[in-house]
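Following the hints, put chain B in place on chain A, whose structure we already have.
So the protein sequences, as listed, match chains A and B.
Quick note, the first sequence lines up with residues 12 to 250 if you use the numbering used here.
Quick note, the second sequence lines up with residues 7 to 231 if you use the numbering used here.
I should point out that these hints are in silico values taken from the structure, not numbers from a laboratory.
Since the model is a prediction, treat every value here as computed from it, not as a measurement.
Ideal Cβ placement from N, Cα and C applies to all residues, glycine included.
Certain hints may be false.
Computed beta-carbon distance windows for the label pairs [to be verified]:
id : chain 1 : residue 1 : chain 2 : residue 2 : range
1  : B       : N131      : A       : L137      : 39 to 49 angstroms
2  : B       : A82       : A       : A25       : 55 to 65 angstroms
3  : A       : A25       : B       : Y93       : 51 to 61 angstroms
4  : B       : Y93       : A       : S28       : 56 to 66 angstroms
5  : B       : V127      : A       : R171      : 29 to 39 angstroms
6  : A       : G80       : B       : A210      : 32 to 42 angstroms
7  : B       : A92       : A       : E235      : 20 to 30 angstroms
8  : B       : S47       : A       : G146      : 46 to 56 angstroms
9  : B       : D30       : A       : G146      : 25 to 35 angstroms
10 : A       : A229      : B       : A142      : 52 to 62 angstroms
11 : B       : L228      : A       : G80       : 19 to 29 angstroms
Covered stretches of chain B, going by a simulated chain A footprint (3 or more residues, C-beta under 8 angstroms) [what the hints assert, rightly or not]:
id : region
12 : 185-195
13 : 221-228
Residues from chain A that keep clear of chain B, each with C-beta distances beyond 12 angstroms, as calculated [claimed, not checked]:
id : residue
14 : R13
15 : A25
16 : E92
17 : T104
18 : L203
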Amino acid sequence: MRTKLTIFGLIAFALLSYGLYQAMIVAPTEATMGNVQRIFYYHVPSAWTAFLMFFANFLASAWYLIKRGPRADAFALASAEVGVVFCTVVLITGPLWARPVWGIWWTWDARLTTTLILWLIYVSYLILRRYSSGGQTPVLAATLAIFGFIDVPIVYLSIRYFRTQHPQPVIAGGQGSGIDPLMLKALLINWLAFLVFGAIVLWVRYKLERARQQVEEAHALREEQQYEEKPLINARAIR
Amino acid sequence: MSSLAAVFKSTLAKDLRMEWRSKDAINSMLFFALLVVVIFSFSFDPTAEESRQIAGGLIWVAFLFAAVVALNQTWARELRNQVLDAYRISPAPANSLFLAKTVGNFIFVGVLELLMAPLFVMFYNLRPIGPVWELAVVGALGTWALVVNGTFFAAMSIRTRSREVMLPLILFPVSIPALLAMVEATTAILTGDSSPVFWMNLLAVYDLVFTTACLLLFETILNAE
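Here chain A stands alone, though its shape is the one from the complex:
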C-alpha cells in the first residue's frame, strides 16, 4: 500500500504542479476580469470533484442499504468527508472571485445556494455519524444520504425559480458559450489533478475506516467469546 501511495502521490504532485503552471502562466488573461479569473481553474475542478464525491456517497449508501457490506459504509463515509472538503474549497474560492467581479461576496443565486445547501446536508450527515453509536450508525447515515441526495434537484429547481446570478456554464452551455482552448486545457488538467488528489485522499480515508471497522469487529468478537468462554479464533476470519 505504501509504494502505491508514493507512486500516486508523485503523479498527483506532478499533475498539480503542471496544472498550476498552466493556470497561472500559459492560460491567457481573461479580457474583462483580468487575473482574478484564474481562480476559475481551482473553483470549477473542486466543484466537479465535490459533486462526484457526493454522487459516490449516494451510490455507496444505496449499496449499503441493499447489501449491508461494511466496505460500502466505509466508502460512503470517506467520500462524504472528502466531498465536504472540496465543497468547502468551492465555497471559499467562489466569494474570493465574486467580490472583485460582482462587487459582492455572496448572493442567493441558484448554484451558490444549491452548493451551500449541499454542503449543509453533508455536514449534517457527518454530524449524524459522529453522534450515533454502534451498529446502527451506517443504516441511519445511509438513509440520510439518500434523503439528502434526492433533495438536491428540488433545491436546485426551487432556487432557480427564486433568482439566478451565477455565470452561465461556459463549457457546452449553449450559444455564446465556449472558452479559449488554452483555458480549457488548464481547466481540464487541473480537474484531472484534483481528481487524482481527491482519489488518493479518499483511498487513504477508506483504508483508515476499514481498519477502524476491523478493530471494532475484533473487539466485539473477543468480548463475545470471553462471555461464552470459548477459545479465541483468528479475528481475521471475519472480513
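Relative to the frame of chain A, chain B by itself:
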C-alpha cells in the same frame, strides 16, 4: 391491508387520546410559537406594509421551530416503554406505525397553526390581498412537508446520543426547499404581488417525493439495531 388500517387507527387513536389528556406537545408548542412571535415583533418592529412582506417568513419559522418540539416527543415515549422493540418482533406493518405518527403530528401542528394564525393577524396587522383559501392549501402542504420528514428524522435522531439537538440539525438542511416554497407562497398570497402556483406545485412534489422515500425506508430505520 386490514392490519395496516387497524394498526394505523389504534396507534393514532392512542396518541390523540394521550395528547388530549396530557396536552404536553400542544402546550409547549403553543407557548414556544407565541414567544417566537413576540420576540420577532420586538426585534424587527415592522410597519404594516413591511410586516406583510416578512410575515410569511416569520409564520413558517415560528411553526418550524415549534414543530420540532412536538416531533422530538414523537418516539420518546415509545422508546422508553420498549414499544419499538415490541413492534420490531410483531408482524405489524412498520409503515402503518409511521403513517399514524405522521398524521398525529400533522394534527398537532395543524391545531397549533389554527390557534396561532389569529394571533399573527393581530400582532402584525395582516390583511391578505390574495385569495385566503390558498393559504389553507399552502398550510396543509407545508405542514405535511415538515411533519413527514420530521417524524422520520425523529425516529433517526432518537437513536443518537444528543437526541433533542440532533433532530433540527438533520431535519433543517433537507427541509430548506420546502421552507422556501412555504414562505414564498405565503408571501405571494399575503402581498398579492405574484402567483403562488409554482410554489404550491413544488410543495406538492416535495411532499410526494419524500412521503414515498419515508415509506420505502421506514422499516429499515425501525429495524436498525
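Outcome of the hint check:
| no. | hint | result |
| --- | --- | --- |
| 1 | N131(B) - L137(A): 39 to 49 angstroms | holds, 44 angstroms |
| 2 | A82(B) - A25(A): 55 to 65 angstroms | holds, 56 angstroms |
| 3 | A25(A) - Y93(B): 51 to 61 angstroms | holds, 58 angstroms |
| 4 | Y93(B) - S28(A): 56 to 66 angstroms | holds, 59 angstroms |
| 5 | V127(B) - R171(A): 29 to 39 angstroms | holds, 33 angstroms |
| 6 | G80(A) - A210(B): 32 to 42 angstroms | holds, 37 angstroms |
| 7 | A92(B) - E235(A): 20 to 30 angstroms | holds, 26 angstroms |
| 8 | S47(B) - G146(A): 46 to 56 angstroms | holds, 48 angstroms |
| 9 | D30(B) - G146(A): 25 to 35 angstroms | holds, 32 angstroms |
| 10 | A229(A) - A142(B): 52 to 62 angstroms | holds, 59 angstroms |
| 11 | L228(B) - G80(A): 19 to 29 angstroms | holds, 21 angstroms |
| 12 | 185-195 | holds (count 3) |
| 13 | 221-228 | holds (count 3) |
| 14 | R13 | holds, 36 angstroms |
| 15 | A25 | holds, 38 angstroms |
| 16 | E92 | holds, 17 angstroms |
| 17 | T104 | holds, 22 angstroms |
| 18 | L203 | holds, 31 angstroms |
Hint compliance for this structure: no hint is broken.
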